[in-house]
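**Q** Just so you know, the sequence shown maps onto residues 1 to 131 in our numbering.
A few of these clues could be false.
Per label pair, the in silico range of CB-to-CB distance [unchecked claim]:
(1) Gly59 x Asp13: 31 to 41 Å
(2) His74 x Arg50: 17 to 27 Å
(3) Ala121 x Lys57: 40 to 50 Å
(4) Pro34 x Asp70: 21 to 31 Å
Hints in this document: simulated from the structure, not taken from any laboratory.
Glycine included, each C-beta is placed from N, C-alpha and C at the ideal position.
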Amino acid sequence: MSGSGFLVTGKDDAAVQTLFDWVRYRVAFYGSTPAYWPVFEEHGLGDLGRKLNAMTKAGAWDKIAGEVSDDVVHLFAAVGRHDQIAQAIEARFGGLVDSIGASANSSKPSDLPPDLIQDIARIPTRYRRPT
Numbered sequence: 001m002s003g004s005g006f007l008v009t010g011k012d013d014a015a016v017q018t019l020f021d022w023v024r025y026r027v028a029f030y031g032s033t034p035a036y037w038p039v040f041e042e043h044g045l046g047d048l049g050r051k052l053n054a055m056t057k058a059g060a061w062d063k064i065a066g067e068v069s070d071d072v073v074h075l076f077a078a079v080g081r082h083d084q085i086a087q088a089i090e091a092r093f094g095g096l097v098d099s100i101g102a103s104a105n106s107s108k109p110s111d112l113p114p115d116l117i118q119d120i121a122r123i124p125t126r127y128r129r130p131t
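Kindly generate the complete structure, drawing on both the sequences and the hints.
**A** Encoded structure:
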């Protein structure tokens with residue numbers, strides 16, 4: 001079973017923060033789109049989705065990321081440096097899916113080292129009810 005979410009990782013904290021900020025904007029963008037509101041509603045974020053939508057209609061695209069808290073980003077992402085990310089993936093998505101796609105933002109190639117990919121591949125699969 002596959003699922004969708006974000007992988008926020010890098011070799012150091014600065015690289016993680018850069019990608020975290022990019023994912024914050026992506027979450028805001030998706031959340032502003034009515035087609036994604038059922039996902040937001042599932043997590044009690046329906047009001048946020050409607051607010052983001054109103055902001056985009058008003059042309060406030062540059063402000064939508066500011067409405068998405070760190071907690072909301074963490075809801076949709078596994079976050080950590082390369083030395084932390086396998087554990088973060090297991091904690092966030094383990095038991096929900098048995099495959100993930102690892103790519104960074106679409107403007108640059110993934111920088112995941114091969115040994116990290118092997119660590120991620122070893123995460124055990126245990127299905128559980130989503131939270």
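**Q** Hint by hint, say whether it matches the structure.
**A** Verification of the hints:
1. Between Gly59 and Asp13, the C-beta spacing of about 33 Å keeps the proposed range 31 to 41 Å intact.
2. For the pair His74 and Arg50, the beta carbons lie near 22 Å from each other, so the given range of 17 to 27 Å is met.
3. Distance hint for Ala121 and Lys57: a CB-CB separation of about 43 Å, consistent with the stated range 40 to 50 Å.
4. Restraint check, Pro34 to Asp70: a C-beta distance of roughly 25 Å satisfies the suggested window 21 to 31 Å.
Every hint, counting from the list given before, is met by this structure.
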